[in-house]
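S.K.: So the chains spell out like this:
Protein chains: 6
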Amino acid sequence: MTSKKTALVISAHSADFVWRCGGAIALHAVKLGYDVSVVCLSYGERGESAKLWKQDGMTLERVKSERRAEAENAAQALGVKDIQFFDLGDYPLDMDRDAKFRLVDVIRAVQPQFMLSHSHHDPYNTDHAYATRIAMECRMIAQAWGHNPGEQVLGAPQLYLFEPHQTEQMGWKPDTFLDITDVWDRKRAAIECMRGQEHLWDYYTNAAQNRGNHFRRNSGGQAGGRTARYAEGFQSVYPRTIDEL
Amino acid sequence: MTSKKTALVISAHSADFVWRCGGAIALHAVKLGYDVSVVCLSYGERGESAKLWKQDGMTLERVKSERRAEAENAAQALGVKDIQFFDLGDYPLDMDRDAKFRLVDVIRAVQPQFMLSHSHHDPYNTDHAYATRIAMECRMIAQAWGHNPGEQVLGAPQLYLFEPHQTEQMGWKPDTFLDITDVWDRKRAAIECMRGQEHLWDYYTNAAQNRGNHFRRNSGGQAGGRTARYAEGFQSVYPRTIDEL
Amino acid sequence: MTSKKTALVISAHSADFVWRCGGAIALHAVKLGYDVSVVCLSYGERGESAKLWKQDGMTLERVKSERRAEAENAAQALGVKDIQFFDLGDYPLDMDRDAKFRLVDVIRAVQPQFMLSHSHHDPYNTDHAYATRIAMECRMIAQAWGHNPGEQVLGAPQLYLFEPHQTEQMGWKPDTFLDITDVWDRKRAAIECMRGQEHLWDYYTNAAQNRGNHFRRNSGGQAGGRTARYAEGFQSVYPRTIDEL
Amino acid sequence: MTSKKTALVISAHSADFVWRCGGAIALHAVKLGYDVSVVCLSYGERGESAKLWKQDGMTLERVKSERRAEAENAAQALGVKDIQFFDLGDYPLDMDRDAKFRLVDVIRAVQPQFMLSHSHHDPYNTDHAYATRIAMECRMIAQAWGHNPGEQVLGAPQLYLFEPHQTEQMGWKPDTFLDITDVWDRKRAAIECMRGQEHLWDYYTNAAQNRGNHFRRNSGGQAGGRTARYAEGFQSVYPRTIDEL
Amino acid sequence: MTSKKTALVISAHSADFVWRCGGAIALHAVKLGYDVSVVCLSYGERGESAKLWKQDGMTLERVKSERRAEAENAAQALGVKDIQFFDLGDYPLDMDRDAKFRLVDVIRAVQPQFMLSHSHHDPYNTDHAYATRIAMECRMIAQAWGHNPGEQVLGAPQLYLFEPHQTEQMGWKPDTFLDITDVWDRKRAAIECMRGQEHLWDYYTNAAQNRGNHFRRNSGGQAGGRTARYAEGFQSVYPRTIDEL
Amino acid sequence: MTSKKTALVISAHSADFVWRCGGAIALHAVKLGYDVSVVCLSYGERGESAKLWKQDGMTLERVKSERRAEAENAAQALGVKDIQFFDLGDYPLDMDRDAKFRLVDVIRAVQPQFMLSHSHHDPYNTDHAYATRIAMECRMIAQAWGHNPGEQVLGAPQLYLFEPHQTEQMGWKPDTFLDITDVWDRKRAAIECMRGQEHLWDYYTNAAQNRGNHFRRNSGGQAGGRTARYAEGFQSVYPRTIDEL
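Residue numbers (numbering that gives the first Met the number 0), protein chains in the order written: chain A, 0 to 244; chain B, 0 to 244; chain C, 0 to 244; chain D, 0 to 244; chain E, 0 to 244; chain F, 0 to 244.
Any given hint could turn out to be false.
Listed below are the simulated DMTMM-like cross-link pairs for lysine to aspartate or glutamate, each with C-alpha atoms no more than 25 Å apart in a straight line [to be verified]:
#1 D:K172 with F:E136
#2 A:K4 with A:D174
#3 D:K30 with C:E243
Only part of the chain B face toward chain A is listed, based on derived beta-carbon distances under 8 Å [stated by the list, open to error]:
#4 A23
#5 G154
#6 Y159
#7 L244
Hints are computed from structural coordinates only; laboratory data are not their basis. Only a predicted model underlies this, so the values are computations on that prediction, with no experimental measurement involved. The beta-carbon is built from N, C-alpha and C at its ideal position, and this holds for glycine as well.
Please construct the entire structure, taking both the sequences and the accompanying hints into account.
M.R.: The following block contains the structure:
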């Protein structure tokens, strides 16, 4: 356990954390001094590696290895302190009790101020919603005094749902916009580590610019808000507890 | 206009602001140095004054006068800087263009950091949802550069929806809990100014205690959150724009 | 099987039935002559026994034993005829085919007029929503003529969802309020059997009082409804079939 | 005011009450001894009288007159005690303050045990949802002690939303099925009074038969429920207050 | 693989495809030249065969056998090219990884232009919603380049959700009506193959007639739409991609 | 009336039609031979002309005049056949009976194959949702045989809701993606006519590119869909009626 503030990202496949919350990671890791941990439940080796599979003689192990290298490079670009690969398989992702408890161990070890994972729904990709369902279950287990008694139990960290692809099909509604202008270069660098999904580089650049517009609208509108050029959006699962509205 | 931070409460009837956000008002007015303004669109003279109407010889003017006195006393107990009575009538509340523009004038004069009003839905009391609908419309007008050109246009203040009666029937979901322990005595004093609705005193005391439990759960749970004894809940209409999750 | 009317409560953890439907149990068992059965799928031994786990040298077996004693005492106070402990484990609760069929056996044996279980959603406690999902699945199996052919199949009993903690976060909306004034003393007595969760005693007393207000509102409002002082709320899963509106 | 039980139907156009709740009317009026009143806010003379308008030389007055005669005949067949035609115009229906207060007068005079009106939403026919919105507003006004002080105020009658056309497009979900087998002949007779909309006779006969199936399913299913052959479905706006689940 | 257009129906129990999309099957198979394949995940032998189980000496194998014969007859009447029985058991239906991959194999072999399955929700019958959940998961797996590399991956076929029983309780909302007038006789013939569920023959005939009314309304209304006499409704899971609105 | 196919856009403010459905307009007008009509209910002169109002000595009439010129230029670039300015005022937009009937007259004159308007909800801009509500009301009136008897009544055209700003906050969910690659240059040219809102040019270019990605995903995904580079999304209000799934 660290005395620094901490955050934990739970990513169904090894590239999700880059597109969806790379800016939040870099901002907290580099600007705000958090230790940010990332758990990749799978490599997305079967379902999100089409480009690799089109190469002759490709094997599952080589796909995993290349996906892992990409994710590690991206994590480094973003300032991630610790990235773990659970290698649980994808399409479908499936977690037994042991895998859940392994995730609980990480949650308790990190004791995050906040957690990040996928949207509640995804009709295109059932692994995504599954990862969030498990993240909520494991958050609950980590809070249980009777799970591995003696360990420090988890408090009540917020779980932010990061931006899915085709947001409207997922029923995802962001309630929080984060200005990532200062770390945009790092996010773009991390994005460019994803060599197998080059068709998404500009997509998520467009998205970040348009979220910047949303940030400006909601921080001031035509009266002049904050001049954020790049932003990310998040949906909160739990209520906030505050001392000033 | 003031150089202090400001907040604006839009209350359909003259007692709503007490039950539903008296704690938020007192906290910001007394502890945090805000100038808090309250607009009561009506006195609730027809629909929320049953006890007065049961007295012999009661008249509409006397009901209004007693309701106004109660609201002024409560406002004083809460540290409200300015309370205005639009006297637009209730059951049903109805606002024409002039009334809307009068509300826009107040919004622009106050330039609030945040606004407070009713839930989006209320099948028991159509005045409540109507007030919020108008609050949103007037927020929009106040942002228009072409409305009374030359005046300072409004930025993008949050609109918090305070707690309705029978929350689940309203589809109201709080995303924000505010600790009002330090100002609870003021809220209870304001509540006791509402002599015509004594049956609600304990109801909203119970509610504040139970919201205190929700505050504790969401700020730490069984790992030990903040020891809030009284709280209020709010639902946000617009996304937040922030620099740290 | 009994010739008396019957009801069945399916409780994820061994204390849930007390807070959430203790009044309904006592009313039907004591005043209305039902045989009420309760199934506790787990003791809540890992996740809902923080106070016990803070004692030195606590073991899982001792926690279960103390939780069981509390639940038995509460059941007795409420007039429960039969309480069964499935001891399936909690945080997470997980039911295999055998456990489901065991629950089906109970449902068929009881042949309940109505069933009671948790809300459809609970982002804080995935065991709760899971229990209701299984209750619905087992209700379906109990209706199947091909399951243990020869046994009496189940009719179409209502499934009422009792009040969760933080109702608005669960998307729970009560459509039925039950007056429990006459049996309130029994519910309070049962609540006080829950020695490990004393922080919830007043919470659920407040809740019952405020639900009493909802009962009065919906049975007459300001024209004078029933003077219920304590009530419980329930959400129905299935439509009612009636002969008079 | 009557000493008998009473019910009030608020129908946007003069034929709606027949298709949508003719069975409920006849059952309560004929079998259960209620005085049932019907208010037709308009004749549906512009928008629901295509067949009449296709006749040569048709005028608005003649359409109204024929629609009124049809509705009166249907009301008689159903045992309606009192049918009133507000003649407020349709497509669009629009009610000013006087029209609302006129409806409040009827509600207070009837003092209904329950009210019936349209679904909350109808993208095909905005008059329908408007009628329900007004019904809820007028229910609220009728409860106000300050509206025509001295009159008997309204209690808290249920508002049932009867079956719209194309139910799924309206977001209407019935929570209550009423067995109308005993009065089906009366409903069919009332339906056949609607000479201008013969294309709907079989439609609503089919609907009543299929709702009979839903009644059977929900009252017993494959274990053998009530043998209802015809039923109607309703959605409740407010919670019920009861003494037995 | 065929050079003809293809469609795939995934049916939880062996009769579902008849009631819910028999018209769509016959229309595409007979009129439009598709090869239509049907997968029955179970026979509905435990939960949807009450009439058979009421016969003396009935066994599970005999129920399956009779259900299979009925389904094969219905499939023939509808022009189905290929019907497969996975025989996975019902009440509850449960699919392990092998069963999912078997379904993926079929999807890939068929390469359907569109797929058909159950509604997202069904509180009466958890097998139905489960089948659709698995259909979506298997559609995803079939799209994965890393699943059985070398096989032709699936494109992005629409998944239509066919009409459930008690549509409003399922939250099912049709966005597409298909005119099945030309093939109605085939659908009725297929329905009559279902000897064990005769109580549903008229139910689904009524439903098809009333959906015909919906077709007319939405294709022209009172201005004169298409004279469809029978129709079926479907809800789309994914957006359409088109070249003309 | 024309013998060509027709479409009608109802735009709350004079620029909305450009950002939100400029591609659909150009595609249908230029490539598909439709006569496309546009009604601008207001100029957006008060609320959407901040840049103009910041100029010295600006007047309402000059703002309107400049906004009109921009809209006419954009309409020309898109191939619009007819653009009408109702000049009803904005912030808030308000339509009395005469204004509604004027819109009905246009709808009947155009007899559109489909209509286009705003999303159902918009908490930032109440004019938008209001315009759609009125569009639905006027569609209904245009269908009424008793409205201006003798005129050709309207059939049942689809109403497509075009893309709002901050889609997720509006609860807008596109079910239809239209490939606008072939007319993108025209849409960009129209966008550049909007000199007062230059900050939105790139925003809606980004949006169109990302919707192109959604088109590709839904027309084929990783198996290779249509190579649309620009697209627009739409939500349908009414079900489709078709002859092939």
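S.K.: Indicate, hint by hint, whether the structure satisfies it.
M.R.: Here is what the structure says about each hint:
For a cut-off of 25 Å, the pair hint linking D:K172 to F:E136 stands: about 23 Å separates their Cα positions. At roughly 23 Å between alpha-carbon atoms, A:K4 and A:D174 fall within 25 Å of each other, so this suggested pair holds. Between D:K30 and C:E243, the direct Cα distance comes to roughly 10 Å. Compliance with the 25 Å bound is thereby established for this hinted pair. Restraint check, B:A23 versus chain A: the minimum CB separation of about 6 Å is within 8 Å; hint holds.
Interface hint at B:G154: satisfied, since its Cβ lies 4 Å from the closest Cβ of chain A, which is below the 8 Å cut-off. With a least beta-carbon distance of about 6 Å to chain A, the hint placing B:Y159 at the interface is held under the 8 Å criterion. Interface hint at B:L244: satisfied, since its Cβ lies 5 Å from the closest Cβ of chain A, which is below the 8 Å cut-off.
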